[in-house]
Every structure is written in structure tokens, then in C-alpha cells.
Amino acid sequence: MNRSTLARITLAALTALALTVSGTVAAQQDVPQGGTLTVAWPEAVNNIDLAYIAGWVAFGAAHHLTDPLIQLDAEGQPQPWLAESWEVSDDAMVYTLFLRDDVTFHDGARFDAEAVRANIQRTLDDPDAMQHARFTETIGSVDVVDDFTVQITLQELDASFLFDVLAHWQVRPISPNDIPNRSAATMTQGYAGTGPFKFESFVADDSFTLVKNEDYWRGAPNIDRVVFRFLPELSVHTVELLAGSVDVSTSLIIDDIALLESRGLEIITAPAVGVNMLTMNVARGFTAELAVRQAIRHAVNRQEIVDSVLSGFGELSRAGVPEGTVLYSEHVSTVDYDPELAGRILDEAGWVMGADGVRSRDGVALRPHFLNPPGGHAANAEIVQEQLRLVGIDTRFEVAEGGTYGPRWREGDYELSMTAQGGTNWGSFIGGSVHPDDFWTVNQIRFSEDPELLAVADELREIIGEARSTVDLDERRETWARGQQLFQDYALAYWLWHAPTVTALQPWVQGYDFYNRTLFLHDAYIDR
Amino acid sequence: MSTYLIKRLLMVFPTVFGAVTLVFFAIHLAPGDPIALYIPPDFPVDASPERIAELRARVGLDRPLHVQYVSFIAGIFQGDLGTSLHHRNPVAVGLLERLPATLELGILSLAIAVVLGVTVGIVSAIRRGTWLDNVAMTLALFGVSIPNFWLGMLLMQLVGLHWPILPPSGFGGSIFTAEGLRFALLPAITIGISGAGGLARYTRSSMLDVLNEDYVRTARSKGLSERIVVYKHALRNALIPIITLLGLSFGSMLSGAVIVETVFGWPGLGRYLVTGISNRDFPVVQGVVLVIAVGFVLANLITDLIYGFVDPRIRYE
Amino acid sequence: MSESVSPATGGDALRQSLQYRFWREIRGNRMAFASAIYLVLIVLVAIFGPIVYDVDPRLQTLANRLQPPSWEHPFGTDQFGRDVLSRILHGARISLFVGFAGAVGGVVFGTIIGLATGFWAGSWFDHLAMRIVDVMYAFPGILLAILIAAVLGPSLFNVIVALSIWGIPTLSRIVRGVVLSLREQEFIIASHSIGAGSARIMFRHLVVNAVGPIIVYATLSVAGSILTAAGLGFLGIGVPPPTPEWGAMLSDARNAIFRAPYLSYFPGAAIFLTVLAVNFVGDALRDAFDPRSEVRRMT
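Chains as they are written, first to last, in the working numbering: chain D, 1 to 528; chain X, 529 to 845; chain G, 846 to 1144.
Hint data in this document are derived by calculation from the structure and do not stem from the laboratory.
C-beta: ideal position from N, C-alpha, C; glycine also.
Heads up, some of the hints might be wrong.
Example chain D residues on the side facing chain G (calculated, C-beta under 7 Å, incomplete) [unchecked claim]:
| # | residue |
| --- | --- |
| 1 | Thr334 |
| 2 | Pro374 |
| 3 | Glu401 |
Listed next, the stretches of chain D that the computed footprint assigns to chain X, with coverage defined by at least 3 CB atoms under 8 Å from CB atoms of chain X [to be verified]:
| # | segment |
| --- | --- |
| 4 | 124-132 |
| 5 | 185-194 |
| 6 | 231-242 |
| 7 | 458-465 |
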């Protein structure tokens, strides 16, 4: 296949992609041009250089400066982007990327194979890079084959390399001229990427402003300027949207959505990689007992929470992965709300209901420690607390302050905890989620003293190793499903629901794309 | 007097040193680990124990606490306040970026508090015992009795949304520009109202005291008009103790800013501190406390000195 | 700082005169009188309210969430469908306790430090304690409480500890000032000369003389404590859920400011009115104990 055919096919694929994911794309030429789009952002961004530690908050604002080599679409499928096609060797150890030849960086430098190599090399060389160790362990060498072909040879088989590394925002290329000057200390300073918008200014704790890139390879954006305003108080987002001084917010108070809709704002929802879960410490206290964990899962009425507090914005989770995504398997069992069954399980395990409504056994009251992160999840946790109280489990409820939650959760200073996990793609997400040795391991299984659970942990490790080396997607899905099923059988956690990202836009904002928790403003325009 | 001044100035150092030391150990010994910053809880990143140890070493948190303390104190004397663990840039830079916003908000709040407070106080004192006095003093107490984040939100709803006079929130640059001033007014009014309450009450009692002094009575008995008596004689003398209150007011407004900055999205030291605390960003918390402590102690010192200067009855030991 | 000194008379006579002045002040000041009655009422509400209005403040009815006030729920329901009136009534116990305990903690420790440093002024203890107080003074307003609450972690007890420590520096300075000015006065010197012990001198004379400023400050710091607790709630380091503390309720209500504005009005008004009443009474007390206000009354 010669290059021009490939390019045409790619273009067709791109168009198809744009149509499927947005449905709101308008013809580029006859839309209004110009204007400033103001986006209310829920936290102050501390980083716009995606090679360094960056979460969704930073990525969502800064991604407009750059382009991915490979784009993951709403279903999690890889799509051509800066790499217009790629080849994977039969042993899945060599990845060859064929790059576009019509892309320049904001500073005029040419985007080519050398630029890709320099950017990947940068993340290998800089110890502050986000996924530093993962990359250095996996990548053997990066070689420039010709001007627009780059070849990456692995030193260790990694079946999800395409998803976890090549599609990762950490390797979104920036101009090679900038690379020598970049470090973690400059991560809020501007640089030249290839993206639809260029850096204009960054004011700490206040705003991040981008201007349109007239020479963008997919065509110049319609909007002149995008301003991300950092507003930590979510009620202020509602005020600003109603006042018309903000055009977009991706962080809404769910109870305000109906009001915003009634005032003419457009509400769009999009699935996000991630799941809200009730984690249970299997290595400590009351939750070390299987019957207690099972009873807790049957006692939690997640549908009621979704219907009330979440106003229906949530899809009950089968096993951590939503239906319709690449890793969803129907072969994993699901858990039903059944408080009577919960009561029977506890009765059989000897937990007898007391006169005060709290169950106890051998004089010990069933009061597990319920540690929660600050913010929105704590509100849902308050409901779970009450639901558990109704079956006789009286949790000791605690909301951890700010930065203390993470370390305490990691160290297992909890028996129950309400949390949300997310990721860039479902493969790495579910991998991290069921991993017994991961930093954010959800259930402390590796610290259990129960030989049966330790055997389960070993089995999980095996499954993860197998999944990492299974290149075939269907096969990999069923491998993960075996891991998820172990979670269900041993009640290692309770996957509750998948919460979509809900965004409100003023009626005059048109043409945006929104998926994977990410707002794409390249095609957006303002039509007052 | 000059020995006293030198003595007081020298006392600034141990006080600030003590404050910084207190904060250093309190926040380091508190539960919570700043390395969690690099491992977002909702996000899969490489987080093996080796990687955690490496990150810890890179930011110097692997050293014994006393070593970290000594290097922190030594750094202060070299103008190095350390590097933010969250923002990754020097804390001195972060402070300088945000100090103007907080100072300008403070100045505007203080101006609002003074204009409101002193006016209400004077009116109250002149019309003492009347319904006007009662209403004014009740309003003054309103200002100091309402939680300031709630007041801010109510004002934002009323003046920002219901009657869209001012932008509901945000930062428009320096308050010495029209645009900047528009954005600063709501947070400044929120902070200023509570300051005005205290000032109004203080002004009233200060005015009443002065109006009873001999020279004011003499002025009256000489047949000078009430207006001249009040504004030329009484007010000038009553204002002196009020001025001394300003230094202290500035400090309390600075602390009001901690909450109000978060409500209005104002990019100042208050937000830097609040996010610093919840992220366990040790150098940031230490740096902000250092700046606030120095500012506040100096304000207190100046207040004391002015007080002594205008009131010779105070003697310095 | 107030350096006011009450005329030194004997203990009982002084106590009588204080009481007299206090009542004269309260009766003469309609707002303070109304405030005192309000405070008595709110204490009664805290004690008997939850008994009379017997609704579980923790009971959630998610189907009934964010309901406006009605016969069934006079103050409406919150984001979990809990009865707001019940939470306000139970919250009165918590918030008054937090305000009172926070103030008392500050007063007790502040008074002890103030008395000791004033009595042994110039000693190493005085220097050390006053330097520590100076250090605490270097944190303006709510800042010290924020730092302490953040370091200790959010809990009802820790909020009270934070508020107590927050009150220490001001009070210890006030008391020390009073003690210093009294020390040189004749009746203290006289007590020394007739061989009275230190403790006796301190508690018979100094406490009685310092009691005016202490009561004034303590009253005002009840108001300050309730407000500061609300501020801590806003920052997420206040009294944790599901405890129905007013500040925490107000702080939670800010996410329903559009959907259910009444959710913030009730705890907001409860805090505001209580703090206002305490401030009015505190002001009246200040006038009663401040001899300079005598001048005012004579005009």
C-alpha cells in the first residue's frame, strides 16, 4: 500500500471516527469563526506538561496543546492520529509507526520520526516522568527508520503496549527544540506542541489560556481563544453558567443539572474510564471474614443511590467494566441487592441482631471502620453507612482530611472505603484494579493471613501475567474476566457503578467532541 | 525608646523562627504523605515500592527529620524556601506570584472596612442613643456574626447573578485597573464587612471617649459649631487609636482571605496555603506561614509603636 | 488589648457590684436583653428540643430528598432525605457544645498561663511562656485553628482542641496584663505584708479582679468558636458527618444552594442568630466591666 492510499484510508477513518463520537460535527467551512470560550475547571491545574505527573484535571486542559500518536476512541479502540498507521511484529515485540508528514510544531519545527524518538527518549531519561519505570522496563530501543517511520523494540512482552504506552499522553510529542529546557520545575510553562491550540498564558491558581493554532494539520480551530478558569467551588460553576460568564463546565453539582437544563444549557454525558467502588480490607478486622463481605455487598442498594443522589447519572457495574467497552465480559457474575439475604448470611455466621439494632457475636459488636476520601464520594458513603445500619452493621464512619486519605488507604487503615478509580484505558484500568501488588491495590489481599486468600492472590498474579502477554483482544478479555470472577467469588470488592462525566454547555457552544472524560475543542465554534 | 525599638525588632526573629519551627514539625508529624501527590488515587500510575522510595529520595523526604529541618532553616537564610512538591517550582516563586493578589485584596478589603466602619462609627457616636445608633450598631454586629463563606455565597448569588452588577467570581488582574477592581469587589466586600463591624464599634467608643474630653467641652463652650467640634477636634483625636487597630485588622483580614479566596477563586496566598495543607505540600505550608508570620508580627509591632507614639501614657519597659 | 482595671475593693463587695453592673447593663440594653432571652431559649431547645420533636436525625429517606418545608418536615429534608428540623435541634447541642467547650478550653488554659506569667513576671517561666504565646500570636485569626485541625484530623474532639488552642494567646495576654497592673496596687502589697501565701493572693484577689475581662472575652470567644467551627467545616476539617453540627450542615448545604436554598438558611440563621446574640451579650458585658463606659453613660 503506498502512502497516499494509506492517507486516504486514514482520512476516511478519521471522518468516521469524528462522526461516531460526536454526532454534532458541522461542516467546517460555514461555521462562525472567532470568539473566546471560557471553561470552568474544578481544580487548579498544576501541570500542563503531560510528560510529568498529570491527572485528568491537567490532561483535560492541556491536551489541546498536543496530539497523541494514537488516539483511543470512545470504545477504547486505537485510531490513527499522528501515526497514520502502524505495524506490530508477529511476536508483538516490534512496533513500527508510520507518521504523518504534514505536521509541524507550534515553533515551526517539523514533526518527524526523530521528534518521536526524542520525546520517548525524554520520558526514559527524566526520572520525574510519570510512568518512568513502566516505560524503561518495557522499551528496549527506539530507532528512526526514515524521516517518518519510527521503530520501537520491546525488551519485555507487553500485550497492551499500544494502549498503555503509545496511546499514553506521556508520549504526546512536543518540539525537540523545547525538550532540553523541560523539567518538572517548568511544568506550568509554555512549550510548542502540535495541537490545535497554542500556549498563551498560565496564571497559578487562576487560569490557563490557549490561542488558536492557525497552521493546525487538521485545519485551524474556529475559536480564537480558550480560557480554563480554576474554580474549586462547584456551586460557583452553577452561578457562572447561569450568569453566562462561563461557557462550559465539566464538573457539575448533579442536583443543579435540571435547573441548568431548564435555563437552556445543553447537558451532555459521556462514559468515563473508571468505576466507583466499595473497597473492603480482606486482611483486617471484620471484613477479613467472607460472610461479612458478602453480606455487605447484598446490603448496599446501589440502584437507590444512582436513582436519588446521582439523579440517574450512573450505570450499575457488572464487574468494574461497563457494557459496550472492549474488555466487558458477560461471563462474570453480578451481585444483587438483597438485604434479607444479607441478614441470613450474617445470622448463619453467628452475627446476631441486638436490641440496639447492631449485630454482635461473642460480645463483639459488628462495627467496621469506614474510611472515606473527602469530596463527593463521602456523600455516597453516608448513604451506604445508613444502608448497612439497616441490616445491623454499624460502621465507624470517618472522612479523611485532604492528603491523608491516600496513604491511610494504601496502608490498610480501613475496613470499608468508598472510592472511585479511573484510568486512561480499560486495559490498564482493570489491570491496576485487580492487581494484588499494585500501589493502589483495593483490598490489601497481599497482607492477608488466610492461606485461601493468599492462593487467590497468586492466581490473580498469574492472570495478570497471562493478560499482559495475550495479544488477542478477545482472549485477553476472557483472561481478565477470570480475575474479575475471583473478585466476585471472594467478595474482594464491590464494583458499584460507572459514573459518566456530565458537562453543561451554553447553547451557543457547538461542534465540540466529548469522550473519555475529555472535551475536544478543535471543531467547536461559538454561535450567538 | 530606640533601645526599646531595637529590642522589639530583635524579638521578631525568635517569634517568626518559633512559628516556622512549630509548623515544620506539626505538619511533618501529622498523618498524611505528600508522595500521594504523585500517585493520584483514581489513576493508575507506576507505583511500585521502589518507585515510591525513588520519588521520596528525589524530593529529599528520605532524610531524617532533623536533617530536613536544618536544611530548611539554612535555606531560609539563603532565600531558598524549598521546592513545592505539588507545583514543583520554588516556593519563593510561588509566593511572589500570589502575594500581590492577596495584598491587593487585603488593601481593598481594609479600605472598604475603614470607610464603612469609621463612617458608621462616627454617625453612631454623634447620634448616640437614637434609633440610628441602635440600627448602626446592630448592623455592625451582623457583619461579625455571619460565617464569611456563606456571606460570600449569598453576595455572589445576589450581586453576581440575581442583579448581575459584578462578575460572580474570578480574578481580573491588578485591582488598580477597572477590570481587576470589578472582580475584586465582591470578595473584598465579603472580607470588608466583617472588618467593618469591629471598626465601627471601636470608632464609636473612641469617639464617645473623645467627645467627653475636656478640650472638646472647652471647644463647645467657646461656642464653636458642633460640626467643627466633631470633625476638627474630636475626630482627629479619635482616629489615632483607630489607626492602631488597622494593623491588627489587616492580620484578621488576611486570615479571612484564606476562606474567601477559595469561594471566589482568587489566586492568592490563602488558596496556596489551603491546598498546600491538604496536599501535605510541606515547603508551601512552611513558606506561607513564614510570610504571614513576618507580616503579622511586623504589623503588630508597628501598631504597638504607633500606639506608644500617640499615647504617652504607655511606657516601654 | 484591654488594660482596663476594676477599682480594687474587697471580694464580696466587688462581686456584688459586678452583678449589679451586669444586670443594669443588660436591662438598659434592649438588644442585649433580647439576646440573653434568646440564648436561654436556644439552650432549652438544645436540651428539650430533640426530646419533644422525636425524629431520628440520621434516618435517611432517599425518595424524599431535598423536600421544601412542609407539615411533615417543617424545615424540609436534606440531600439524604433527613429531617432538617431534627438535625437543627440535635445540632444545637453539638454546636453550642463546640462553641462553649472551645471557649472554655481557651479560657482555662489562657487564664492559667496569664495568671502564672503575670504573677511571676520576669521569671524564666514568664519569658518562655510569653515567647510561646508570641509564636501563637504570629498566626492571625482562624489560621492557627486551621493548622491544628488539619494536623490532628477532622473529629469533634479535635475541632474543640483546635478552638481551645486558638483562644489561648489572647486570653493569656489579657489576664497577664490585668495581673501586672494589679500587682503594684496597695491591697496586693498589703496581703504580702501580712504574710498571705502566693496561691491565696492569686485566687482571692487576682482572679476576682481579672474576672471581668475574662468573662467578656470568654463570651465573645463562644461566638468566635462557633464561627470558626463553621469555617473549618467549609475547608473540610470541621466536625465530620453524619454529626449534625450547624457549621457542617451549612457547609454541606452550599452544594444545594440552588436546588434547595432553605438548606443553608436554617443552619445559617441558627449560627448567625446565636453568634449575634452572644456578641450582643458580650458587648453588654464589656460595657459593664469597662469603667470607661461609665463616662459614656454620664453624658
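A quick look at each hint next to the structure:
{"no.": "1", "hint": "Thr334", "result": "violated, 22 Å"}
{"no.": "2", "hint": "Pro374", "result": "holds, 5 Å"}
{"no.": "3", "hint": "Glu401", "result": "holds, 5 Å"}
{"no.": "4", "hint": "124-132", "result": "holds (count 5)"}
{"no.": "5", "hint": "185-194", "result": "holds (count 4)"}
{"no.": "6", "hint": "231-242", "result": "holds (count 8)"}
{"no.": "7", "hint": "458-465", "result": "violated (count 0)"}
In summary, the structure is inconsistent with hints 1 and 7 from the numbered list given earlier, while agreeing with the others.
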